[in-house]
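Spelled out, the chains give:
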Amino acid sequence: MSVETARSVRVITGNEACAAGALAAGVRFFAGYPITPSSEIAEELALELPRIGGFFIQMEDEIAAMGAIIGASLAGTKVMTATSGPGFSLKQENIGFACMAEVPCVVVNVQRGGPSTGLPTMPAQGDVMQARWGTHGDHDIIALAPFSVSETFELTVRAFNLAERYRTPVILMLDEIVGHTTEKVRLPESVEIVNRAAPDAAPDRYLPYRHTVDGVPPMASFGSGGYRFHVTGLAHDETGFPTNDPVEIDRLVRRLNDKIARHRDDIVEVERTRCDDAEIAVFAYGSTARSARQAVVEARELGIPVGLIRPRTLWPFPGPEVRDLGRRVKAILVPEMNLGQMAHEVEWAVQGGCRTVPLGRVDGQPIRPGEILELIRKEIRD
Amino acid sequence: MPLPRTDYDQYLRLDKFPHIWCPGCGDGIVLKAMLRAIDRIGLTRDEVCMVSGIGCSSRTPGYVDFNTLHTTHGRAITFATGVKMVRPDLTVIVVTGDGDATAIGGNHFIHAARRNIDITVVLYNNWIYGMTGGQVSPSTPPGKRASTAPYGSMEPNFDIVALAAGAGASFVARETVAKPVLLDRVIERAIRKKGFSLVEVMTPCPTAYGRRNKAGDAVAMTNDLKERSVPAARLAKLSQEDKEQAIGTGVFVDIEKPEYTEQYAKLVESLRHARA
Amino acid sequence: MAQTEENTDRVEAASGSLQPTPEIIVKVSWCKGCGLCVEYCNRDVLVMEGLLPKVVAAEKCTSCLQCEMICPDFAIEVREGQVELVERSGGSES
Chain A
1 MSVETARSVR VITGNEACAA GALAAGVRFF AGYPITPSSE IAEELALELP RIGGFFIQME
61 DEIAAMGAII GASLAGTKVM TATSGPGFSL KQENIGFACM AEVPCVVVNV QRGGPSTGLP
121 TMPAQGDVMQ ARWGTHGDHD IIALAPFSVS ETFELTVRAF NLAERYRTPV ILMLDEIVGH
181 TTEKVRLPES VEIVNRAAPD AAPDRYLPYR HTVDGVPPMA SFGSGGYRFH VTGLAHDETG
241 FPTNDPVEID RLVRRLNDKI ARHRDDIVEV ERTRCDDAEI AVFAYGSTAR SARQAVVEAR
301 ELGIPVGLIR PRTLWPFPGP EVRDLGRRVK AILVPEMNLG QMAHEVEWAV QGGCRTVPLG
361 RVDGQPIRPG EILELIRKEI RD
Chain B
1001 MPLPRTDYDQ YLRLDKFPHI WCPGCGDGIV LKAMLRAIDR IGLTRDEVCM VSGIGCSSRT
1061 PGYVDFNTLH TTHGRAITFA TGVKMVRPDL TVIVVTGDGD ATAIGGNHFI HAARRNIDIT
1121 VVLYNNWIYG MTGGQVSPST PPGKRASTAP YGSMEPNFDI VALAAGAGAS FVARETVAKP
1181 VLLDRVIERA IRKKGFSLVE VMTPCPTAYG RRNKAGDAVA MTNDLKERSV PAARLAKLSQ
1241 EDKEQAIGTG VFVDIEKPEY TEQYAKLVES LRHARA
Chain C
2001 MAQTEENTDR VEAASGSLQP TPEIIVKVSW CKGCGLCVEY CNRDVLVMEG LLPKVVAAEK
2061 CTSCLQCEMI CPDFAIEVRE GQVELVERSG GSES
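Going line by line, the protein sequences match chains A, B and C. Sequential numbering of the first sequence, starting at 1, is according to this note's numbering. Sequential numbering of the second sequence, starting at 1001, is according to this note's numbering. Sequential numbering of the third sequence, starting at 2001, is according to this note's numbering.
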C-alpha cells in the first residue's frame, strides 16, 4: 500500500489543474483577461507565478493578452493565456500571427454557451470549428480536449510540449464542466518536458524560418546568444524578411500546414474503449465523453456491443482512426454540446462506410448518460 | 579630427536599402534620429528590441539590425510589454503611427502609459493612413481631405501629447522632422527615461496627405512644419488663432513615478524573502 | 547590394589652410530626389540637378551635417576630407 502524500494528492477543479499543469510544464509568463468560466486559471497563476520568479499580467483586453504572450515567447519564455468564447474570438488575429511567425504558446478556451455573450456560466462545445478555422488564411492548428480534471493537468503539459516541438500555438479546449468540476487527482512529481530546438547555426548564419527536413525551424530568442532576427506577420522567406516571390510564399504556407499534418502520428491521440467487438460506436470528447463512457458501460451491461472512441486531440482531426472504425461498425453516434461540428468531420471521415448519428444540445445543459444510452438502444435496433 | 557624425551603417540592414518610403517622406529622418540617439547612449545592437505595428512607420524595424518584431495593426505595444516584462534588461522601442497607435491601438497606448512600463514609443504622425492609400486618421486636422474624408474631415483630431500625459506617461515630447538635432535629443532623453516615454514626431507624407491637401512637396511640407513649430513654453502666449496652427514642440512631461517592471521585480523579491 | 556612385569634390580651402574640404558623397541609387538636402544647406554647397543633388561649392561646406541629418534616404554623407599639400607661391589669399 502506497502512502499518498499531501503534496501529490489534491482535490481541485479542472481550471486549477490547468494552472498546475502549466506550472509543471514550465510556464513563466501568463497574460490574461477576466472571463467566465476561465478566470480561475488567471487567478491561480497570479498567485503562483510571482512566487517562482515568473510573470503574470492582466492586460487591458484579450487581444492585448495574446500579443503580450507572443512577445514574451519570442523573448524565450513558455507562455499561456486563458479565455472563453468571446475572448477566443478577439484573440484570433493574433493567434494567426503566432501561426505565421511560428511562436510557441498555449491558448486555453474554457468553452461556454454561445454565440456571442451566450451563457457565461454554462457549458458548450460550440467553439470546436473556431479552434480550427477561427483565424483567417490557410493554417493548421493543434487543439486538445481533456475530459477530466486529471487529464486537464496531463494535456496542459502536453499542450506546452507540442507548442515547443512544433513552434505553434496549441489550443486547449476545456468546457465549463471540466473547468469547474472538482475531482481528486494525484499529480505527478515531475513531467516530461519538451523545449524548442535551439539554433544550430551561428548568429550570422541563422535562418529563423529555415525550411528544415522536419518542417520546424530551430528558434532563437530575442536578446540571447547574439542572435538578431526579424519576425513579421507578412509572408516571408527563410530569413524572416517579407517577400513577394510566389515560390517563397508557396513554400512557406505549405510548410506551415505540412509541419503539423506530417506529424499527426506524434500529435493525434485517441482513446478507444471496447471497440474491438463493437457494432456501433460513440464518438465523444470533453465533458460529454464522461456521459458517453457511462452510457457505454450501461449499454454493455444490457448486452449491447457498443464502444467509445474518444479523441484527446480535436485538431488535427483523427480522420484515419475514425475511418478505420467506420468500416467495422454500423453507426457512429456523435453526442456533443453543439449542432454537429465534429459530427460533420466524422461523417466526412467515414466516407459512407457507416451511418453518422449526431446528438446535439445547445441549451447549456450537459448531455446525460441516459440520453446517449437511449440513442444507442435506438440505433442498435435499426 | 574626425567629424562627429554617426556611422549609421553599423545599425542598418544595408541589403534592404533603398527603403520603400516615398520620395520626401519624413520617416527616414525619424529613423536616423533614433539611430543617433541609440549611438550616443552606447546601446549595442543585441540590447535593442524594436517592435512595430502596421503602416509606413512600422516598416522601420526591417531596416535596422536589432531584435526586430513587426506585429499586428495597433498591437505593437502589447507585444513589447511581453518582451519587456521577461527581459527588462533590453531596451524596447516601439515604432508606430498615428493611426496604429491612437485608432486601433488606442487602448493599448493608454494602458501602457498608465502602467508606466519602461518602453519608448516613437509615434510617426503624418496625419493620414499612408500605407493603405491615404485614409483619414484620428490625427487628420479638421477640414483636411483624405480618401475616406473626401469633403474634409469632420472630426476633431487628437492631441496625442495630451492623451499620453492624461494616461499617465512619465515622459512626453513632440518634435518634427524639420529639426533633426532637437529630434534626436528628445528621443535620447525618452530612451534614457525609466518609464513609459512617448515621442510624437510630425513627419510629412507628401504622397497621400500632401497631394490631397495641396500641401506642396517635401520641401514645402517640411518648411511648414518648421515654421509652425513653437516651443512648449511659448504656446500659452499665442493668440487662439495662432495656437490652432501651432505645433507645440519640446518636452511636455518629465516626471518620476514607479516603473512597472521595477515594481514587479520588487514583488518577486519580497515573496522570495517571505519564503526564506 | 546597392550600387553607390560617389560625387566628390576635393577642392583645397581658399585660405590655403590645412583644414581639409569635406567629402560629400551621394548614393545615387538610394537618393529619391526630394531636394531636402539642398533646402537645408545654409551655405549653397548643393543644387538639384534633375533628381539628384550636385555639389557645386564643396569648399564652402562647414560639415554642419544638416544635409546628412535631413536626408530621409540615407543617400548623402559628409565625410572628413583628405589634406592635400599644394605648392604655393606668394602670401596667403583669402
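In short, the hints are calculated from the structure, not lab data. Certain hints may be false.
[Unchecked claim] Computed cross-link-like contacts, SDA-like style, restricted to lysine to any residue with a CA-CA straight-line distance of at most 20 Å:
no.	chain 1	residue 1	chain 2	residue 2
1	B	LYS1226	C	LYS2027
2	C	LYS2060	B	PRO1018
3	A	LYS378	A	GLY364
4	C	LYS2027	B	LYS1144
5	B	LYS1144	B	LYS1257
6	B	LYS1016	C	LYS2027
[As the list claims (entries may be wrong)] Negatives, chain B to chain C, calculated, CB over 12 Å:
no.	residue
7	ASP1007
8	LEU1012
9	GLY1028
10	LYS1032
11	ILE1041
12	ASN1107
13	LEU1183
14	THR1203
15	LYS1214
16	THR1222
17	ASN1223
18	SER1239
By construction, the Cβ of each residue, glycine as well, lies at the ideal position given by its N, Cα and C atoms.
Against the structure shown, which of the earlier numbered hints fail to hold, in ascending order?
1, 2, 3, 4, 5, 7, 8, 9, 10, 13, 14, 16 and 17
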